[in-house]
Amino acid sequence: MTLTIENLQEIAKTEIDSFESYRYRINVCVAAGCLSCRSDAVKASLEEEIRRQGKEKECRVRGVGCLGLCAVGPLIYISPLNVAYQAVQPSDAPDIIGSLTGAPVSRLLLPADQPFFSRQKKIVLENCGIVEPERIESYIAAEGYEALYQALRQMSPRQVIEEVSASGLRGRGGAGFPTGLKWTTVYKAQRADKYVVCNADEGDPGAFMDRSVLESDPHRVIEGMAIAGYAVGASRGYIYVRAEYPLAIERLRRAIKQAKQLGILGENIFNTPFAFDIQLRLGAGAFVCGEETALIASIEGRLGRPRPRPPFPAEFGLWGCPTLINNVETFANIAPIVRRGGGWFAGIGTEKSKGTKVFALAGKINNTGLIEVPMGTTLREIVFDIGGGIPDGRRFKAVQTGGPSGGCVPEQFLDMPVDYESLRDAGSIMGSGGMIVMDDGACMVDVAKFFMEFCMAESCGKCVPCRVGTAQLFNILERITAGHGRIEDIDTLKELCDLVGATSLCGLGQTAPNPVKSTLRYFENEYTAHIRRHHCDAGVCAMGKAREAIT
Amino acid sequence: MPPATASPGLSSPSISPATPDKRLRIIDRTMRLHGYASHALIETLHAVQEAFGYLDPDLMRYVAGRLKVPLSRVYAVATFYHFFTLKPPGEHTCVLCKGTACHIGGAAEILRRVEEMLEIHAGETTADGKISLMIARCLGSCGLAPAGVFDGTIVGNLTLDTVVNKLQEWRPHDADHRESAGNRENGDRFL
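Heads up: the protein sequence lines correspond to chains B and S, in order. Residue numbers for the first sequence follow the working numbering, so the first one is 653 and each next one is one higher. Residue numbers for the second sequence follow the working numbering, so the first one is 35 and each next one is one higher.
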């Protein structure tokens, strides 16, 4: 069947009408964070209570995506009352349903006017917590698939690429390569077979933006991929998703199936000659597969080992065909850009970094969760205003961005506007968006060792600098944290960092030294304290006698 | 439908055509869906692990034969990717997250104490076959750090006490009334 714009509008209207026929709409977060606090049980008990009080005609309970503030889940939001509740338990259902007509339940109330909500700007997450991720109708009711219709029926592939270029969107996977440029390269490649690949192998420890987007709004990614397919001339797409994200996989599978049933994926989409199909490929726990050539190898069923570039995947990718690889968040930005124009998007953010960025706040911060802010927001606003500061009255020490490829940004940069360039200048990288906040209880040498252990274990072993270099770096860090360091170790570390970074084959090895380099740059005194005084100020590393007592 | 061409050298009863195992059908179905293409190897190994809990050597041989890829490549893929395991899992599985947020939140200490208590290292199963202890690189549940997965259910804000209590619940009694096998088949795999 082919879908027309009238069909699409009709689906949206039916959905909105049915939704608005209820006086009270209760949205329960069913993304992984709240689900692990039993939000499914909360949802069931709310439904049960509505039946018990005979309010089925007035109230509707919906399972929606991430509401953002994972720290105090399970979260629910009631419209049109504009009331949000936190840490809701199944036993709270009678009070919540009973209070719909009166004053809200004060003990559960989550103030909706706090900076965590008011200081954000949502583009990628605009539907999170609003649409039901498991129903395509709900996405369509939120202007879903209108951008795809617009692209296919009213724009040429060139025009789509021009809008994306004009938006100034840069790759959200971490490196920040201009998306329009990448699309142009694949568009220009002279091959009949081309592919679009969505990189959902979110391997950075401490990052969960992509997981939340996939769990909360999977259709947005599908729409972005289909638009990309039309623009670059590809008719097949793959989503390479971590096997560690079972809920995201389940919702993507369901979303793809629904899109196929409606004719949004398949042949002759919206009565045009354009055909597009998406398949899911599961990762299998290899961090290196986030690197694009390794990811391609893994989709082809081989060992996930990178190869030298060029040729870049845009020219020689999946099965030797031109392949467009973008990150989940990049694809999630596409539909709004097509709908509202590249100029609108370019009006947000800083000179060189346009739009917004989703960050996952975690670590020693009060409001752990998912946020989206315009590029150029300062770290202070993110950590102290939106994030609510450091718990237990402790002192901010550093924020780690970019995972194992990034670095620790210390206190003196708190007023720095966050964008690709400023983070790089501060010795870190934007990365995919994980922000781990550390207080004075964190030992920077231990943090460096933690990431080096990660890189050592995740090195694919193909090139020597990465395979051997990361192991050497780890051994030295292990020695220092055990209290057996030598003062010349610091110079050896610096030299090894430069060597591994300069000579490794792929991004994993090239950026693996970053956590060590940035901690050496700002916290060298901690290294020397470990070495000279056998003392860990933070009390994390057990050294000397304390260590012997443990082992 | 039992496999049409099970090779005669297979020793495991689960693959013998005489006693067709319905779990094999899931594997066959995955391979058929991908047209027995060699690039479906990783997908197929996922199906094997989902159905059997681990990658048995005979099953790897079986997959190699059906997809017409060398056994060496199947073995290489199975050992390269951390998600796959060649050892049968214990009755219960405890996965502790070792991501950055969990590390900052004290996961390393919890892991160390649990290893002591169970007398095994991460990646191993207790001698009585009851509990497998695994680590995950990051579950993406950083908002709830430290986090873990107990028999497929994600649990956040772990403390040493909550983990120890959970493990002790699993330990003393036999699997008399627990339908652990069923749980495991339905549960999410984090091996």
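Do not rely on the hints blindly, as some may be mistaken.
Straight-line alpha carbon distances no greater than 27 Å define the calculated DSS-like cross-link-like pairs of lysine-lysine that follow [as the list claims (entries may be wrong)]: (1) B:K774 with B:K1114; (2) S:K56 with S:K164; (3) S:K200 with B:K1114; (4) B:K909 with B:K840; (5) B:K1146 with B:K1169; (6) B:K1004 with B:K840; (7) B:K909 with S:K56; (8) B:K1114 with S:K164; (9) S:K164 with S:K102.
To spell it out: a stretch of chain B is covered by chain S in this simulated footprint if at least three of its residues, at any positions, have a beta carbon under 8 Å from a beta carbon of chain S; those stretches are [what the hints assert, rightly or not]: (10) 755 to 761; (11) 1086 to 1093.
What the hints contain is simulated information worked out from the structure, not anything from laboratory work. Ideal Cβ positions, reconstructed from N, Cα and C, are used throughout, including at glycine.
Quick check: which numbered hints come out false for this structure?
-> Hints 1, 3, 4, 8, 9, 10 contradicted; others consistent.
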